[in-house]
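K.L.:
Could you put the whole structure together from the sequences, leaning on the hints where they help?
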Amino acid sequence: MALRNPPRNTIAKDSINVWKMTAAIFMIFFWLCLIGVTVAWITFEFPYGYLMVAWGIGILSTYVFVFLIPKLRFKRWRYEVFEQEIYIQHGIVMRTRTLIPMIRVQHVDTKQGPILRKFNLASVTISTAATTHEIPALMEEDASQLRDRISTLAKVDEEDV
Amino acid sequence: MSEQKRLHPAVILFDIWKVLKEFLFFIIPGFVILSGKVLVYYLLILLGCFIIIIIFITISWYRYTYRIEKDELRIEQGIFVRNKRYISKHRIQSIDLTQSVLHRVLNVVKIEIQTAGGGKGAEALLQAVPKQEGERLRNDLKHFSEPSIKSFEHERPSRPSEKISNKRLWIAGSTSGGFGAVLAVLAVVFSKLEQIIPVEIVNNIVEWIMRTSIVLMSGFILILLFILWVLGVMGTVIKYGNFTITKDDDELLITRGLLEKKQLTIPLRRIQAIGMKENLVRQPLGYVSVFAKVAGGSLESGEDFSTVLFPIMKRSEVERFLQIFVPTHAEVEERPLLKLPKRARKYYLFRSMLPALAIMAGLLYAIPDYFGLSIVLVVCSIFFGSLQHQDGGFCLHGERLTIRYRTFSKVTMRIHRKRIQAFEMKQHKLQRLDNLATIKVSIIGMLGSGNHYTIKELDDEEARSIAEWYSFQTE
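Residue numbers (my numbering), protein chains in the order written: chain H, 1043 to 1203; chain G, 4 to 478.
These are calculated hints, taken from the structure and not from any lab test.
If you're wondering where the values come from, they're calculated on a predicted model, not measured in any experiment.
In this text, a Cβ means the ideal position worked out from N, Cα and C, and glycines have one as well.
A portion of the hints provided could be inaccurate.
[Stated by the list, open to error] Some, not all, of what chain G presents toward chain H, calculated at C-beta under 10 Å:
hint : residue
1    : Q275
2    : E427
3    : K432
4    : A470
5    : E471
P.N.:
Structure (structure tokens):
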């Protein structure tokens, strides 16, 4: 039954680390700025109230973006490839479930950035004539298998569109 | 027709004019700044450049040839680098002939040829060819299954055709929501005026306006609105004057425009969805406009992000019209839409009130005198929110999904299952507790991007029933 149950397959567990790392890189920039501001603040002896707020926000957002969100995201991310269609679920606050019929798939790509490569992961991008969908972090061999599988399934049964 | 042909020599003039227009900006300051001998040199250099440009344009006109050979349109061009572009007849999606006023004087047409590739693929633009030649070219390049039949076009039974009446055109103009666009243009003009007119004069005028009574002010506003309305009517009349739609086997032919005649061809099989739009003024009068979403359409027709099939007609005439022109999307009998559940109402109200409340808070903080104005705004937002809730809905029938939604105008879309590229169902925490879900269907849009249609806060069981209808997996 369509969309009643979540898809079966989870993505690679290391996706958590990938997202952690990506978030951490952004947070490092944030912290560098914050430290710079703090030093300036102390040298010019401004009142400390605002500084405390800024540090509070920094610590909270670091926790949320680096530690909390990647885990939740992994938990929610599911996919399943049937013969006739692809079924994807993602989204922490807004849970999104997507159906992509095989005959609408135009092409499938695998992609690998530096962080994904470090963990031997790759992402799979599925494109239709109107949308693109990404399954973000799969084991390298799973990703290429999935890509090949989808592209063979997609080839069957061409209709005029 | 295999001999090489050149464009109408008027192209040389067009191109020179185009170059001049672009450089005028750089040339004029020279006249103002320079003087004496320097000015003479400047003029000489300009003259030299100008002559070189003319020579180049003439050569490139000379080198630009086209011909039809082996079912291909072959265009060759380029002065230093020869560029050959062969476009197969079978890849051509649309051939549009347009005429500007200048074109009409010279009795030439501009031909735009679009292929499936969309934005970057092989496309051709023939700037100006003699009118008869243009029409012949179009007939030659049209690919139909039986080209022999095609050439006896005149002997075939009359093709269904419909032309907009003057009365309808007038109604369309006076009820068009074009106000907004005109208003924006005027706002830009005024903001520019402010830069040109000295500040003191502006201040004096403002002071004078402040002193005159409210009655006079509202009188002015009324006159301004009236002018805007007249401009809106004129805009529509110019755009949709002589609007004619003709059905020709498997394509629709649309011509429109009072001053500049535009022609558009829509192959029926590229229609992704049919829509009906009712704005706030037309809806109570029972008028709708009918449009089509066409895959890979030309930029020219993308001005409304869709192609208008007929600018205005009575709601009761729509089915008959579709029956004739797009029978695949006609509805034989009226089917009621499944409405949104009552519990969805609060989400709609919340969404539409949020910006109004924000403005209210801002006004209360900054200029408390205008607080009354924000109350009007909030009332309007409540009105719109409940309308949006009331109008949302869908209907499944056979292979067709009909959805209706409102942002400002009420839009009804009819989409076939095989045109839907992907289906999405979204729920956030609160929606899940309320058993509501948002759905999104995607179809092919202009230039390779998608069109997405969303209905928010459907009953989640009903949302799932759409998913099941759409799902290709049988298990």
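K.L.:
Failing hints, ascending?
P.N.:
Failing hints: none at all.
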